[in-house]
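*Asks:* The listed protein sequences derive, respectively, from chains A, B, C, D and E.
When you line the first sequence up against our numbering, it's residues 1 to 353, in that order.
When you line the second sequence up against our numbering, it's residues 1 to 353, in that order.
When you line the third sequence up against our numbering, it's residues 1 to 353, in that order.
When you line the fourth sequence up against our numbering, it's residues 1 to 353, in that order.
When you line the fifth sequence up against our numbering, it's residues 1 to 353, in that order.
Simulated from the structure, these hints should not be mistaken for laboratory data.
Mixed in with the good hints, there may be bad ones.
Any copy will do: because identical chains look the same in the list, a pair fits if it lies in one copy or spans two.
[To be verified] Derived SDA-like pairs: lysine to any residue, alpha-carbon spacing no greater than 25 Å straight-line:
| id | residue 1 | residue 2 |
| --- | --- | --- |
| 1 | Lys294 | Met343 |
| 2 | Lys350 | Leu278 |
| 3 | Lys246 | Ser85 |
| 4 | Lys211 | Arg351 |
So the chains spell out like this:
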Amino acid sequence: MARFLKNRNGLQGKAPGTLVHIGRQKIDKIHIRQISFNREEIQEHQFNDIDSVPEPDPNRVNWINIDGLHDVESLERLRSRFNISSLTMEDILNTDQRPRIYEESGHIVVIMKSFYRNEEEEAYRSEQISFVLGAHHLISFQERIGDHFDPVRDRIRSRFGRIRERNDDYLLFSLMDCLIDSYLSIIEKIGERVEMLEDKILEKHDQSVLKEIYAYRNELRLFWKNIRPIREVVGFLSKATSPLIKEETRIYLMDLEDLATQATEAIDLYYSMVSDQLNIYHTNLSNRVNDVMKVLTIFASIFIPLTLIAGIYGTNFDYIPELKWHWGYFMMLGVMVAVVVVMLIYFKRKRWF
Amino acid sequence: MARFLKNRNGLQGKAPGTLVHIGRQKIDKIHIRQISFNREEIQEHQFNDIDSVPEPDPNRVNWINIDGLHDVESLERLRSRFNISSLTMEDILNTDQRPRIYEESGHIVVIMKSFYRNEEEEAYRSEQISFVLGAHHLISFQERIGDHFDPVRDRIRSRFGRIRERNDDYLLFSLMDCLIDSYLSIIEKIGERVEMLEDKILEKHDQSVLKEIYAYRNELRLFWKNIRPIREVVGFLSKATSPLIKEETRIYLMDLEDLATQATEAIDLYYSMVSDQLNIYHTNLSNRVNDVMKVLTIFASIFIPLTLIAGIYGTNFDYIPELKWHWGYFMMLGVMVAVVVVMLIYFKRKRWF
Amino acid sequence: MARFLKNRNGLQGKAPGTLVHIGRQKIDKIHIRQISFNREEIQEHQFNDIDSVPEPDPNRVNWINIDGLHDVESLERLRSRFNISSLTMEDILNTDQRPRIYEESGHIVVIMKSFYRNEEEEAYRSEQISFVLGAHHLISFQERIGDHFDPVRDRIRSRFGRIRERNDDYLLFSLMDCLIDSYLSIIEKIGERVEMLEDKILEKHDQSVLKEIYAYRNELRLFWKNIRPIREVVGFLSKATSPLIKEETRIYLMDLEDLATQATEAIDLYYSMVSDQLNIYHTNLSNRVNDVMKVLTIFASIFIPLTLIAGIYGTNFDYIPELKWHWGYFMMLGVMVAVVVVMLIYFKRKRWF
Amino acid sequence: MARFLKNRNGLQGKAPGTLVHIGRQKIDKIHIRQISFNREEIQEHQFNDIDSVPEPDPNRVNWINIDGLHDVESLERLRSRFNISSLTMEDILNTDQRPRIYEESGHIVVIMKSFYRNEEEEAYRSEQISFVLGAHHLISFQERIGDHFDPVRDRIRSRFGRIRERNDDYLLFSLMDCLIDSYLSIIEKIGERVEMLEDKILEKHDQSVLKEIYAYRNELRLFWKNIRPIREVVGFLSKATSPLIKEETRIYLMDLEDLATQATEAIDLYYSMVSDQLNIYHTNLSNRVNDVMKVLTIFASIFIPLTLIAGIYGTNFDYIPELKWHWGYFMMLGVMVAVVVVMLIYFKRKRWF
Amino acid sequence: MARFLKNRNGLQGKAPGTLVHIGRQKIDKIHIRQISFNREEIQEHQFNDIDSVPEPDPNRVNWINIDGLHDVESLERLRSRFNISSLTMEDILNTDQRPRIYEESGHIVVIMKSFYRNEEEEAYRSEQISFVLGAHHLISFQERIGDHFDPVRDRIRSRFGRIRERNDDYLLFSLMDCLIDSYLSIIEKIGERVEMLEDKILEKHDQSVLKEIYAYRNELRLFWKNIRPIREVVGFLSKATSPLIKEETRIYLMDLEDLATQATEAIDLYYSMVSDQLNIYHTNLSNRVNDVMKVLTIFASIFIPLTLIAGIYGTNFDYIPELKWHWGYFMMLGVMVAVVVVMLIYFKRKRWF
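With these hints in hand, go ahead and build the complete structure from the sequences.
*Replies:* In structure tokens form, the structure reads like this:
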């Protein structure tokens, strides 16, 4: 399967607006977690059926988290109940969306990605996380039962902290902050591996290093594709004129925009670092070829002339005066030593060793 | 023929506005398909003659699809009947246009490309698809009898779905959506081949890989040239103030704009991936040269000195004391083994194997 | 002479506004062709003297074409007669201008380039073409007696076609269209040669290919320098608020803008294609080095050990038991064959052939 | 630890707005230096306890410098006393911020970096410097006890100079100017080392040069990441409409913007210079491989044929007529010399030496 | 000394606004040339003392040219007399400024560079030229006694030409035009050398070519750094709303802007040409390595097997039947010739020669 595009066979020929889940089914059943809270109270529920979800209470922050996107029918019921447009629902189900944001029919829709490591393929894969922010509710959609948002859940439960005193928009900010923080962690992890590669580059010179370089570049490309648009998404949110975003949340969103910029810049820096490493590796390889060549040349240039000398005195001519000389053999050896010395001086002068 | 420009010999020296078909004639006769429908009714007709096409009914969506652009005369009659400007008609006939959009004399004109695989040349080729949207009709022009739009036809016939309830502008959106979906399919296909190349890169090292890399780059360049401007085209449409575009269609167009962005980004990513592969291939090649050199150097450095030793005792000097020793021969063999051992230790130390 | 800048020795130290012809004199005498026409009538004249040119008739389109820019004195008289500013005249004479456009003292001034092949230098050279559009006249300036505009002349003479019914601004558009069409032809020509190079790249590996690549890059650079600003020039014209540009001409100019964009994009694509070819060529070369090395290594690694064996039995030791064996010689040959077989298996395993 | 991102373990899962120090603790205790002055008077104090800091006098410029960011509790007291928002405080404590600027609740907050050389790692490291400008005070935060600002302190003490006559905003400018000046010094220092590398490039060809190139690139990347945003920061400040920035300070800020641009451009230039050096180094290496190859080829091509000749006359055939000739041996030597001469002429013609 | 930054030791720690000369002292004494003229009259004076300069006559154009910037005290007196701000003066003295322009306290300040060849270092160096345009005077500052402006002086003296009829702003334009013309000359000169390099690239292959390429790149970088901002400078001037710039001068300034653009583009083109040359050089080098390798391989592959054959018949086995054959020796020679023929055909087939 192409890594940067998901298989769209299910979609082609379908009318826009038809609900089809694009992506691999990652869990068996749909799984719904609802938390509704205000400063004083907090209620948590879990459901496997959309219809059991109670009506959101307008005096509370209502967060409905859906894990699993394959049950199109249930999601259709959710859609009509919360008055989400079918185009929005289609965007949520098609997990091959670019990160983006838009307002439609009284909702703010945010589409983002999270990353998890697929150990089988030894590569990161992206999962789509979508948020639909309404007047009194925030619905989040995930492909798998995720624990990304557990820190936020803990903060809600803990009763302290700002989150219990704010509205749905602040909750949306908190969840996005959670995701962007996880981006930075992943980038940091890959960054560490890239920096460790640095030492190998000059030592080892086999295909494993090449494979590693190539793998890092593709991972960084995957992150780049899915993280770069986040800056725009957050920027849009912080400048949105929608009444859904309270004025006091804006300052947090501006901070988040900066964090997204930092993530993008870090990806760029590590990407260019890996490019450098490939160059350095290649240049170092040429260095080694040069060294090998020099060893060969020194050996060959010294011994081939000597072999010739020996060969000459191995000929069977009737009349070779030197052969008769008593010390002829030792003179030959002497000449050979002289040749070696001359050659060594020659290569020394060329600074070959 | 230059791949990124079509032969313009037919055009040079002609006045702008003269109708000339630029491009290869791809079918024999012009072929007209008309579908006119509303929520209740649907009528389909096929013609080979422009004049037989009935007047569009203002209470229906009228879609006239023209296959074949070489019959300039028929198209001229069509032009004057539907009040299309001659400059627009010229743009439709000149199949070497960049994708673009403009409003003129009451029409919105959209020029796009579709791609088909030319099996002879083993390469993708582009075909120009043009749309002229009027108040009560949408005319589409293709170079060949195409089946790109069959999914849309099926949806129209099926009676269900949004398309029967909407206007000509929604039909235009559906057709464009159809084309952009086909772009993503093609990019996915080439993307898969690019990713499969990854494994070959480190294994094989002959010209076939180079040819493949080069071919992919040129195909991606062709797509880039013809797909990148689509984003602007769709963006213009979604922001157009023309009364031809209904307000409720805009949200679909914005979605389409995003799809076009995704296509462009995927092309960019695969292009940079192929560049990487060329680099990796080259570096791996240097690796192999290095390996070959080492084998040669080890062999030559070990055997050339031994040959010299044998050569020395093959000389015919009268007085070579060693030759007289009873175990001389075996001593020589012993010295040779010692030399081999020393050399192997030397190369081992250099970590050459 | 530097290829991307013309020699400015004539200019340095001169006051701005002094008329000096910068560039090589390309023809002997100034040559003036005047065509004035309206829908009913057409008059053509040729002159060698500025003063003989009759006064432009305000009821006609008056096109005065000047070939040759070295006769500064005549041009000065023209300048004052048509009320052209001296700075404009200076720009026309200095043939090293970038393509550009501006309005000044009631004129629109357009400076463009045409290209011709200098067969001596086996390279393209640029020639400056300038247009001065006034209320009732269009003056065009060329360095040489050019035939670029013959197609336009033929259209004017033919009585049919739009050109006879329109004004000077449409004539200006027609001439610019003529030039941009010629750009596309030239780019197509070089594009074809670039694409033909593709096959040579993997076959041949001598300097001629390198020279060709280098030459194409420089030609594409020359085109890029002179064609890229055209888009802005045409864009300025299509958006100009000057009364000299009629509303009905704008749609043609927008078309022209697109053509200019297409030319620029084609240059970019061919440029990147040539870059690719250089890379592929280099990588292919490394492939060949690798192949040559393998042949050498296989030969050397097989024959050097055999030579050693023969050398050993060529020594003159008194006591070498094998020499006395009756089948000793054939046993040695057998050992040699065995060594060859072992080595071939070794290299086969390494997949060297 | 990843070089371009700091370890965020302390942060993950924490609510935004929770004060956590991100970064290594660099000093033991918090250290506070206060200077308050006007044209006539100046007072300096040092404290280890936030609460001892006296109330800022509105008729003076009050500069409070905090060294050490790990004592979160003290900083929290400072925060509430000076009415700094907790989000701002968080930005100050998280030392992995990008350089940036914003206005919030009556303060202008500026976050910048300074660089110091970590001799252990033989690399530059960045330290975060933050400024909070209020109506009558400027608070600066550093991770370590820094001497960056000593020149400014000296100028304040000296009684002369503009600084004593101006307000807090001019003090902020002075401190930022101090930092940007230090950037230019560091870039100059690394620039000198880069330029010195130039000579080594063509002489030496071992890994040490590669390591040096690689190290410079990473250092320049670190500077680029932390210095490039400064231009925007200063630009924002010079265009700010806040009453905290006096009109007469703007002209100084514009000057500073230019200095920041200069720093960024210098980094870019040195970066591209190092890239060049890597290319030149690689190309030079190929030159050397070529030279080594030629020596080998000349030696082998001359001596191997000679060895063959000697070998032929070393065969033991019964009937080899040449062996019987009296001068046969000398004729053989003559032939050998002839072969050498012919080969030398051949290589001379190829211009191999 | 770092080439792209000047040593700032004199500045660090100084208050902004302190007058310090940054740069090397290039002449002994300050040297003042004053020309004041109108259409009728002209007066020229030279001084070594600022105080001797007479008051500018408001009915004339007053041009004061200062050569030498090290005499800070004199310049301070000039500053206060002409009411120039101390920040401006600081910019003039710090000769490491980027080219820029600003209005301040009734003056327009322009900072540009000129280039001169330092024959010792065999490289171009930049010199800072500053202009301060006031209501009735233009003051220009140079580091050395320069002759850049002699052509303008000649034009003023000559009484003819526009310059005598215009104001200080036109004089400023003339001086800037003079400088930009000199840029184009220098770029043309280096351009010619770059184009001459083209032929060497394919012929020579030693370090001298590499050094030349590297030197050109650094020179082009120096020009790029100092010339690119000029376009903005001139653009600012041509759009300035200041009363110091007369309407009739604007058209000249727009022309100048174009000239600056042309200079920048020429630098870019030559820079990319040099990059190309480095690539071509490297690729050509690989070509040569390949050729050398082939010669070696052909020689070795032909002669090593022959040597083996001779070696076999040089062995001293008791029973080698071939040795007894009368024509054995000649048969061996025949086999050798056959081997040579076979090998040559083999290499011919591989198209190695």
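*Asks:* For a quick check of understanding: which of the numbered hints are violated here, in increasing order?
*Replies:* none
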